[in-house]
Each structure stands twice: as C-alpha cells, then as structure tokens.
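Modelling step: build the complete structure from the supplied sequences, incorporating the hints.
Protein chains in written order, with this note's numbering: chain A, 2 to 158; chain B, 148 to 548.
Don't read these hints as lab results, they were simulated from the structure. Treat the hints with caution; some may be incorrect.
Pairs of lysine-lysine, PhoX-like flavour, derived with a Cα cap of 20 angstroms [unchecked claim]: (1) A:140 x B:388; (2) B:269 x A:140; (3) B:504 x A:37; (4) B:167 x B:364; (5) B:361 x B:388; (6) A:38 x B:504; (7) B:459 x B:502; (8) B:302 x A:140; (9) B:171 x B:281; (10) B:361 x B:185; (11) B:482 x B:504; (12) B:167 x A:38; (13) A:38 x B:302.
Coverage of chain B stretches by chain A, computed from C-beta distances (three or more under 8 angstroms per stretch; other residues unrestricted) [to be verified]: (14) 227-239; (15) 434-441.
The beta-carbon is built from N, C-alpha and C at its ideal position, and this holds for glycine as well.
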Amino acid sequence: MLVMEKNFLQEEIEKLVETFGNSRSALIPILQEIQKKHHYISEFAQQEVARLLDIHPVEVYSVISFYAFLSSEPKGRNIVRLCQTITCDLAGKYSVAKAIERELGIAFGETTKDNRISLEYTNCVGMCDQGPAMLINDKVYTRLSPEKAVEIINEIK
Amino acid sequence: MEMKKNRQGAVLFSDYTRGKSIEKVVGMPRGDVLAEVKESKLKGRGGAGFPTATKWMLTAAAVAEKKYIICNADEGEPGTFKDRVLLDEYPALVFDGMVIGGYVTGAHEGILYLRGEYSYMKKGLENYLEEMRKDNLLGVNIAGKEGFNFDINIKMGSGAYICGEETALIESLEGQRGEPRNKPPFPVNTGFMGCPTAVNNVETLAAISHIVVKGGKWYQKYGTDKSSGSKLFSVSGDCKKPGVFELPWGTTITDLLKLVDADNVKAVQVGGASGVCIPKSQFDRKLAYEDAATGGSIMIFNESRDMLHILKNFMEFFVEESCGQCTPCRIGNVKLLEGVEMIESGNYTFSYITKLKELGQSMQVASKCGLGQSSPNSFLSILENFRDEIFNNGNGGVNVR
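As structure tokens, this is what we get:
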C-alpha cells in the first residue's frame, strides 16, 4: 500500500472511531463502514482499528473471519450474493447461477478481472415468497429468471 | 421488493395508530401493564416460546443502573420473512412495543438488531424513529410522562444466522464473534454489557402494542389454550399464494394449504431448516407450540420434489452456519451432510445411517445452543417420514439411488 493511501485510510479510521467511539462494541460498526467503502478490510486497516480500540489485531481479524459480510480479502466494487437456500433453490436458483457465471466468465467465489463484480452465494435472504432472490450490495432483487438476473448484473457499473 | 397493503388479520394486522399503546401505558402503573401481558399468555414468537410476561418481570425485578430492550430482527431461519413484513409495513407496532418494554422493565435504551441482509430497510426505519422523536414517542418525558426516557438505536448484523440466538446476538453487539454464551446467567440478569436485558422477537413486540390497547383477555380469545393469540406464518414453496398470513394458533396444516392454494403437496417443512418435515399423512396436525411448533416458517414441497435434495440443502446450510464453538454441532453437522451425500451417491450402508441417526440424537442433547440442538431435526424427520421414497423404491422409484 502506498504511504499516501495509508495516510488517507488512517485518517478515515480515526474519523470512524470519533463517530462510533473507541469501545469494543464500536468494532463491528467501524468494520462495516470500512467494508462498505473499500469492499474489504486490509491488514493495515485491521491494525489501525486495533490500535485505536486498544485491542490486539488478531481480535479484529477473528471478528472479520466470523461474519460472512466482512472480508479480509479484496473484493470487487460490487458484491452479488445469490440466495442458495431451499425455496430459492427450488424456484430455479441453479439456472440463474449458471447464467450469471456464463455471462461474467467467472465462478461463484471469484471476482471479475476488472474488479467490477464479486460473485458469492449467501444463505436465506428472507425473500422466500419471491425467489429466486439476490442481493447486490445493499439492494435486493427478486423473482429472477436467468435473463432478468443477467440484465440486472450487466447494468451495474 | 413487493409491498402488499391492506393485509387481513384479526390481531397483528388489525387497525393500529402509532403511539396509541404508549399513550395508554404512561397512565398505568408498571404492574398493571405486566398483568395485562401476563393475562394474554403471550409467548416468544421467535420459536422458543418463552412467556413474555415472565421475561419482562425478571428484567424489571433485576436491580441495575442500566437495562436494555433488544428487538431481535436477525430472522435468518430459511423460509421466514414475517419480520421483514412487520418492519417494512408495520414499524409502529414494533417500535411502540419496544417503548412499552422500556416502560415496564425500566430500560432506557432499546436496540434493534437488524440482520445485514435487510440493510436496505435501515434508512427508512431510522427516518421512522426520527418521526417518533418529533412526536415525543421517543426521547425524554415520553408522552408527557415525567422521567420516562427511552430511545432506540439500530445496529446491523453482518450475515451470521447464529446471531439470532439471543446470547450470540449480545456477543455480536459487544463487538465479538457471535458465539452463544453458557446459560445461566440469562440475559435478563446479565445481558448486553453485563446489564439486565430483555431480548424479544419482532413479532412478540408487535403483539404487545395490540395487547396493551385491547387487553390481554381479548388477545387470549384467539388461538388455543396453550398457544394464545395469532401467529404470522411465512409461507413459501410450492403454492399459488406465498406470503405472510396471520392465523390463529391451532390452525391445521390442511387449512393453511387450502388458504395458500397448494396442490399435490407431498410434505410441509414446519419451523424452517431447524424444524420438522411433516408428510401428507399428518396434515391434520395443528400449528401450535404443543403440536407442530414454528417460529413462522412454512415451506411447501409438492410431489415432484426430491426430499433428499431438500435435506442436503438444509444440511449444507447448517454446516456453513454452525459457529464452530461446540463439537457436537461443528462436527456433527458435517457428518450428517456426509451421510446425505453417501445416500445421494448410493454409497451407504443402513447400519451407518442408523449410527448417524444416533449421532443426530446426541447432537440434540449435547449441543450448546439451539442451533446444534435443532439442526438434526430435518435429518431425522426426513429420513424417517420419507424412508420409502429415499430407500425403498417408493414414489415409483424415481428418487431412489
């Protein structure tokens, strides 16, 4: 990481600690904000958060590794999460998944070369009455068909 | 996401104006409000069915400087989406219920723990809380009651099913991995930040708002003796009208299937992946705490479905979502999934499957929290109730390996 990038990130994390406080209970909200902006939480960010919250960096890593929506590995600018749980599965998840994979040329668990999209499966997103469903970042899309899903994905920048 | 207005229901979906229950309680002594809740016989709607009045009485009785009311909106059970509908369309019921909880227990702070998958709702809910503050339904001296201060914050989950378990939820709020705690102590004594905490399901709190306005007796009229009131059922799967339906407890599965227009039904999964799979021969069973209990999830499977495929999906779910803290759950679920895969590939012996069933029973007693205690339910019930289809050439032999 460049020194300048580090400085920016450091400043950003200091601001987050100002907003959420430096108690342990502020840890997850701080990580969620970093995740949202940078799409992952780098080692440097983990160390900075640990320093400001006065905990061991491994504590920060331990929390990140526990939660599915926090990541210590770089991800694409957009994260597509297709629901893999049973009602979405029975409603046609498989063909939707295949269509997305073909279109993007990557498999689930991978990121496109241009860093535009990371593709993941997720467990029940609470849209069982309108499946198959997927989340793109914070937004939810329902009643997907293979064509509709690809159309939505092609529109994201 | 689609919105459905004008839902029909006798209790939760009946008319309600924001603040009505709060305005009523501030004129009542705490004890009277609790008595009303007790009379309603309301039980926790997350699935465990603990009496709400008892939980609140214990929290109220605990002596501490700080207490908390937590609304558990981490609904992650496959097939459940009633909390999404309540928060999206009936936020007044939920938030007013939390304020009443604060009044009764003496808590000044409420936290809505919203699952990460529902982050698209956060902004709207925050705006709603702001409106409540403007109307003096949150903040200081609420509804003109001197010294009654209460406010609600929203905290987001980050994609962990286990955080729906109340102590795991509290761990998560404290900035830790969402690993369940040993009980006792229970959260009513030692909860969030070591303070007495009542953790209630979204639907429980919504019911409270109606109970306070219309009375415990009125609420008790609905449902059965042991399961009072109504329940929101999240219905999905093979039917023409999936969605959320409010029905009194005690409704039979057959009646529910008629309501949602489901044909050729082979099985109904009651209670989500951690619930039980009920075959056609038992469709006269009642949905109630004393019979087929559920936190609301009803998934319908028709004749064309392969029950082993469904079971595999459930076991994959639990292998991913087990927090890994205790051995029966961490290893047990992996072993059960392997067993399903062995059946799938035709590479199994009946004696090994019998051993796996025993393992499932051990998990039910030896796991630390509800996840591991209930995750073998679908394994045991599907292999038992659909043994003909899976092992014995039933179903015309289509699904036999």
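Verification of the hints:
1. A:140 x B:388: The given pair, whose Cα atoms are some 24 angstroms apart, is violated under the 20 angstroms limit.
2. B:269 x A:140: Holds: residue 269 (chain B) and residue 140 (chain A) sit about 12 angstroms apart, inside 20 angstroms.
3. B:504 x A:37: Since the Cα atoms of residue 504 (chain B) and residue 37 (chain A) sit roughly 43 angstroms apart, the hinted pair is violated (cutoff 20 angstroms).
4. B:167 x B:364: Status holds; Cα separation ~18 angstroms.
5. B:361 x B:388: violated, 31 angstroms
6. A:38 x B:504: violated, 46 angstroms
7. B:459 x B:502: At roughly 18 angstroms apart (the allowed maximum being 20 angstroms), residue 502 (chain B) and residue 459 (chain B) satisfy the hint.
8. B:302 x A:140: holds, 18 angstroms
9. B:171 x B:281: Holds: residue 171 (chain B) and residue 281 (chain B) sit about 19 angstroms apart, inside 20 angstroms.
10. B:361 x B:185: Roughly 14 angstroms between the alpha carbons, so the hint for residue 361 (chain B) and residue 185 (chain B) holds.
11. B:482 x B:504: holds, 11 angstroms
12. B:167 x A:38: violated, 41 angstroms
13. A:38 x B:302: Roughly 18 angstroms between the alpha carbons, so the hint for residue 38 (chain A) and residue 302 (chain B) holds.
14. 227-239: holds (count 4)
15. 434-441: Result for this restraint: violated, n = 0.
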